[in-house]
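Colleague: Spelled out from the first residue to the last, the chains are:
Number of protein chains: 2
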Amino acid sequence: MTKLAAFQSEWLPKIEQQLKQDLAVASRDSDFSEMMAYAVLNGGKRLRPMLTLAVVVSFGQKITPSILKVATAVEWVHAYSLVHDDLPAMDNDLFRRGKPSVHAQYGEAEAILVGDALLTGAFHVVSSANSTDTENENIAAEELLLLSQMLSYQAGAFGMVIGQVGDMKNHRSEAKNDVNWLLNDVYAPKTAALLGFSAIAGSRLSHLNSVADNCEIAISTTNSALLTFGTDFGMAFQIQDDLDDFDQDNVEKITSLPHLIGIKAASEKRDEYLTHARQTLTDLATQNLTFDRTLLDDFLNFIGDDI
Amino acid sequence: MTKLAAFQSEWLPKIEQQLKQDLAVASRDSDFSEMMAYAVLNGGKRLRPMLTLAVVVSFGQKITPSILKVATAVEWVHAYSLVHDDLPAMDNDLFRRGKPSVHAQYGEAEAILVGDALLTGAFHVVSSANSTDTENENIAAEELLLLSQMLSYQAGAFGMVIGQVGDMKNHRSEAKNDVNWLLNDVYAPKTAALLGFSAIAGSRLSHLNSVADNCEIAISTTNSALLTFGTDFGMAFQIQDDLDDFDQDNVEKITSLPHLIGIKAASEKRDEYLTHARQTLTDLATQNLTFDRTLLDDFLNFIGDDI
Numbered sequence: 001m002t003k004l005a006a007f008q009s010e011w012l013p014k015i016e017q018q019l020k021q022d023l024a025v026a027s028r029d030s031d032f033s034e035m036m037a038y039a040v041l042n043g044g045k046r047l048r049p050m051l052t053l054a055v056v057v058s059f060g061q062k063i064t065p066s067i068l069k070v071a072t073a074v075e076w077v078h079a080y081s082l083v084h085d086d087l088p089a090m091d092n093d094l095f096r097r098g099k100p101s102v103h104a105q106y107g108e109a110e111a112i113l114v115g116d117a118l119l120t121g122a123f124h125v126v127s128s129a130n131s132t133d134t135e136n137e138n139i140a141a142e143e144l145l146l147l148s149q150m151l152s153y154q155a156g157a158f159g160m161v162i163g164q165v166g167d168m169k170n171h172r173s174e175a176k177n178d179v180n181w182l183l184n185d186v187y188a189p190k191t192a193a194l195l196g197f198s199a200i201a202g203s204r205l206s207h208l209n210s211v212a213d214n215c216e217i218a219i220s221t222t223n224s225a226l227l228t229f230g231t232d233f234g235m236a237f238q239i240q241d242d243l244d245d246f247d248q249d250n251v252e253k254i255t256s257l258p259h260l261i262g263i264k265a266a267s268e269k270r271d272e273y274l275t276h277a278r279q280t281l282t283d284l285a286t287q288n289l290t291f292d293r294t295l296l297d298d299f300l301n302f303i304g305d306d307i
Numbered sequence: 001m002t003k004l005a006a007f008q009s010e011w012l013p014k015i016e017q018q019l020k021q022d023l024a025v026a027s028r029d030s031d032f033s034e035m036m037a038y039a040v041l042n043g044g045k046r047l048r049p050m051l052t053l054a055v056v057v058s059f060g061q062k063i064t065p066s067i068l069k070v071a072t073a074v075e076w077v078h079a080y081s082l083v084h085d086d087l088p089a090m091d092n093d094l095f096r097r098g099k100p101s102v103h104a105q106y107g108e109a110e111a112i113l114v115g116d117a118l119l120t121g122a123f124h125v126v127s128s129a130n131s132t133d134t135e136n137e138n139i140a141a142e143e144l145l146l147l148s149q150m151l152s153y154q155a156g157a158f159g160m161v162i163g164q165v166g167d168m169k170n171h172r173s174e175a176k177n178d179v180n181w182l183l184n185d186v187y188a189p190k191t192a193a194l195l196g197f198s199a200i201a202g203s204r205l206s207h208l209n210s211v212a213d214n215c216e217i218a219i220s221t222t223n224s225a226l227l228t229f230g231t232d233f234g235m236a237f238q239i240q241d242d243l244d245d246f247d248q249d250n251v252e253k254i255t256s257l258p259h260l261i262g263i264k265a266a267s268e269k270r271d272e273y274l275t276h277a278r279q280t281l282t283d284l285a286t287q288n289l290t291f292d293r294t295l296l297d298d299f300l301n302f303i304g305d306d307i
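For the protein sequence lines, the chains are A and B, in the order given.
Residue numbers 1 to 307, in full-length UniProt numbering, belong to the letters of the first sequence in order.
Residue numbers 1 to 307, in full-length UniProt numbering, belong to the letters of the second sequence in order.
Next comes chain A alone, as it looks inside the complex (with noise of 0.2 Å):
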């Protein structure tokens, strides 16, 4: 069994009772709430908070109630994208996972509202991330505010939002045709932004408590580096998605990047992040004694994996 998968079987359930119990209670109206999760509760693999937790760990922090809640914001986030992305103006997908999409199974002015509604839940995940917690374990405001801050900027009009509306473009065969218009413009927001999020978030989270003012410059100098780590990440793992889904996209006329440069190529481009991840494990367990990269190198081995 790797590290990853026995921390999978410990904190997937977790995660999963996170969302669950919030969810029950996210709307006034309880068809509603049933709805919100209906959206979310779909046997994902909780990838983007599944990161976070893994890099607390990796700092040898331990995850309390408010770092696991706060964690899941991005999971609604997520999760919101999907039913936005399935809606017919959009990627006009009846089927998510095997079952109806939120618009197939509630009609579309219902997923455009409990998409909304998602995308405004997860700020209150976010803001409300202490109330199950003890007080000394509190996340101070001012990071929370700023995890916020974060939040809003990864998953908005600088990153997945603006993503998607590149990915319309491929599927509407407006493509540019150039792979780094396609790169930087259409998979690092769309994809990587919120897995960098999600990374850099447990790295604040890790460092809660290292407050010395000789800190600073080295505390900022691991956000940036697993930032790029989690953005790596994504990137790797968004080109490992368009090679499983190559033959696909060929009958739905999807400009991936495979189809731009070949498999080949796409498979080196895919190893390059891979690469680039790694080094960067490498630099933070050289300037970090405390860290332990066994399992974060365990999420990019898996890449073209079931993870």
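Since the hints were derived computationally from the structure, they do not count as laboratory data.
Incorrect hints may have been included.
FRET-style restraints, in silico, Cβ to Cβ [stated by the list, open to error]:
| # | chain 1 | residue 1 | chain 2 | residue 2 | range |
| --- | --- | --- | --- | --- | --- |
| 1 | B | S220 | A | A24 | 27 to 35 Å |
| 2 | A | E142 | B | Q17 | 41 to 49 Å |
| 3 | A | D241 | B | F302 | 20 to 28 Å |
| 4 | B | N180 | A | G107 | 40 to 48 Å |
| 5 | A | K99 | B | E272 | 40 to 48 Å |
| 6 | B | K264 | A | E142 | 51 to 59 Å |
| 7 | B | E268 | A | D241 | 54 to 62 Å |
| 8 | A | G107 | B | Q17 | 37 to 45 Å |
Listed next, the in silico DSSO-like pairs over lysine-lysine satisfying Cα-Cα at most 27 Å (straight line) [claimed, not checked]:
| # | chain 1 | residue 1 | chain 2 | residue 2 |
| --- | --- | --- | --- | --- |
| 9 | B | K169 | A | K99 |
| 10 | B | K99 | A | K169 |
| 11 | A | K169 | A | K253 |
Derived contacts from chain A toward chain B, CB cut-off under 8 Å, selection only [as the list claims (entries may be wrong)]:
| # | residue |
| --- | --- |
| 12 | S9 |
| 13 | A89 |
| 14 | A117 |
| 15 | F123 |
| 16 | N138 |
| 17 | I139 |
| 18 | E142 |
| 19 | A157 |
The beta carbon of each residue, even a glycine, is placed where N, CA and C say it ideally should be.
With chain A fixed as given, assemble chain B onto it according to the hints.
Modeller: Below, chain B alone, put in the same frame as chain A:
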């Protein structure tokens, strides 16, 4: 000139300037920033941020740059809600304030994404409200985090979103023909929740420096009173809106309050909310010697007029 008219002529341009400035850098893609700006900068009266600022002034407090910025966040939320409400799957409106609605102008997928970006951006506005300020006028992180929490509550599946779910039933003639349902499950969340937020935000922002322990209960009571005031104002505002749209709603077969109980009874209901809101101001003026009710009275007096 009423006090409100003078207040508007001073602060409306400043609110517009703040919105314009933040929207100009709202996306990494300047075409998309323009779409977001198109959705927001449409000649609206900025009722919601204006209410927040009016409350601050009513308590004799200064409107700092941070307070101005945080007050505009609710306008991003309001604007996103109009973009999504206008979508073909929702109210299917091709025009908004005499201009093509966002989806009519840019396409349906873009309108969904512009709405998503504005909603996400609202939380960035709250979390970065201090950036323009001198440090000694910064709003405490605890306060901004709490405003973010309240905004997500009032805008999401406990507030505005769930009101739109109810309103969709009205548009589809699935209304329950029940006055209490219409008032409590549609009007209150759809319209009054956001105005309630605006008012309580103004109250909270007026008491940033009142940290003495013996003030806590008094401040909490004052904040609640402003939430009540904003909610009553919102209810009266919505009923007046329905009275104004009576003939149009007839054509579209939308069941609003005047259709359910008649124009006379609906006008009386509106006046009940206004009377209650005025009583709240009377109570506030009795308890708070620094509180000047004139400006907020003007908000109530202008219901039905063009504010």
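Colleague: The structure should be examined with respect to each hint, and the outcome stated for every one.
Modeller: Do the hints match the structure? See the list:
no.	hint	verdict
1	B:S220 / A:A24: 27 to 35 Å	holds (28 Å)
2	A:E142 / B:Q17: 41 to 49 Å	violated (28 Å)
3	A:D241 / B:F302: 20 to 28 Å	violated (55 Å)
4	B:N180 / A:G107: 40 to 48 Å	violated (25 Å)
5	A:K99 / B:E272: 40 to 48 Å	holds (47 Å)
6	B:K264 / A:E142: 51 to 59 Å	holds (54 Å)
7	B:E268 / A:D241: 54 to 62 Å	holds (60 Å)
8	A:G107 / B:Q17: 37 to 45 Å	holds (40 Å)
9	B:K169 / A:K99	holds (25 Å)
10	B:K99 / A:K169	holds (25 Å)
11	A:K169 / A:K253	holds (12 Å)
12	S9	violated (32 Å)
13	A89	holds (4 Å)
14	A117	holds (4 Å)
15	F123	holds (5 Å)
16	N138	violated (11 Å)
17	I139	violated (10 Å)
18	E142	holds (4 Å)
19	A157	holds (3 Å)
Going through the hint list in order, the structure does not satisfy hints 2, 3, 4, 12, 16 and 17.
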